[in-house]
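Could you build the full structure based on these sequences and the hints that come with them?
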Amino acid sequence: MAKKSYLPLISSLYFNYIFQGMAAIILSQNMDSLKVYWQASMTQITLVMSAIGLGRALVLYFSGYFSDRFGRKKTVMIALISYAIFFIGLLASRHFLLAIFFALFGGISNAFLDSCCLMPLLLALALS
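For the sequence shown, counting from 1, position 13 maps to 14 in our numbering; every step adds exactly one.
No lab work stands behind these hints, which were simulated from the structure alone.
Yeah, the Cβ is synthetic: ideal placement off N, Cα and C, and Gly gets one too.
Don't take each hint at face value.
Per label pair, the in silico range of CB-to-CB distance [stated by the list, open to error]:
no., residue 1, residue 2, range
1, 78, 40, 34 to 44 Å
2, 43, 15, 29 to 39 Å
3, 18, 69, 37 to 47 Å
4, 123, 36, 18 to 28 Å
5, 37, 8, 25 to 35 Å
6, 127, 93, 40 to 50 Å
7, 34, 128, 42 to 52 Å
8, 8, 96, 43 to 53 Å
9, 13, 43, 28 to 38 Å
10, 72, 43, 35 to 45 Å
11, 92, 6, 32 to 42 Å
12, 89, 29, 15 to 25 Å
As structure tokens, this is what we get:
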């Protein structure tokens with residue numbers, strides 16, 4: 002019996018985690034530009050970055066329940082929609098308070114991706 006290749010699954014799940022890293026990198030490397038764009042202090046820019054963690058903490062328990070109850074596909078779709086809101090919202094924000102609101106969606110995306118991708122990734126790694 003041929004062994005099933007889990008490489009495409011593993012690759013796609015790791016690709017999801019690239020999005021999580023992109024958000025932190027984009028914000029941290031562009032702090033000076035965002036400071037001018039949002040007319041904010043460095044502390045306020047840091048608040049926007051920390052709102053990602055807050056959004057994740059607020060939604061993490063619910064996202065696990067949602068993933069178990071409604072399935073991983075719907076959970077991934079919510080995560081991708083939340084990331085779209087996050088990235089587009091940050092670009093459209095003209096004030097740091099609005100950016101904080103959209104950064105919460107980045108945290109929501111992190112929570113939903115963690116709840117639906119971590120277990121299949123670990124299982125696929127164990128089976129390969």
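message: Does the beta carbon distance between residue 8 and residue 96 stay inside 43 to 53 Å, or does it fall outside?
response: With Cβ atoms ~44 Å apart, the hint holds.
query: Does 25 to 35 Å hold as the CB distance between residue 37 and residue 8, or does it fail?
result: violated, 44 Å
message: Given the hint of 32 to 42 Å, is the C-beta distance from residue 92 to residue 6 inside that range or not?
response: holds, 38 Å
task: Take the C-beta atom of residue 13 and the C-beta atom of residue 43, compute their distance, and say whether it sits inside 28 to 38 Å.
output: Roughly 37 Å apart at Cβ, these two residues keep to the hinted range, so it holds.
- request: May I ask you to test the hint 15 to 25 Å on the CB atoms belonging to residue 89 and residue 29?
  value: For residue 89 and residue 29 the Cβ distance comes to about 20 Å; the hint holds.
message: Looking only at beta-carbon atoms, does the pair residue 127, residue 93 fall within the given range of 40 to 50 Å?
response: holds, 42 Å
query: Within 42 to 52 Å or not, the Cβ separation of residue 34 and residue 128?
result: Cβ of residue 34 to Cβ of residue 128: about 44 Å, so the range 42 to 52 Å holds.
query: Is the distance from the Cβ of residue 18 to the Cβ of residue 69 consistent with 37 to 47 Å?
result: violated, 21 Å
message: Can you tell me whether the CB distance of residue 123 to residue 36 sits inside 18 to 28 Å?
response: 40 Å Cβ-Cβ, so the 18 to 28 Å window is violated.
message: Quick check on a hinted range of 29 to 39 Å for residue 43 and residue 15, using CB atoms only.
response: Given range 29 to 39 Å: holds, Cβ gap about 32 Å.
field: Whether the CB-CB distance between residue 78 and residue 40 falls inside 34 to 44 Å
entry: holds, 35 Å
- request: Starting from the range 35 to 45 Å, see whether the pair residue 72 and residue 43 falls in it by beta-carbon distance.
  value: Since residue 72 and residue 43 have Cβ atoms about 42 Å apart, the given range 35 to 45 Å holds.
Going through the hint list in order, the structure does not satisfy hints 3, 4 and 5.
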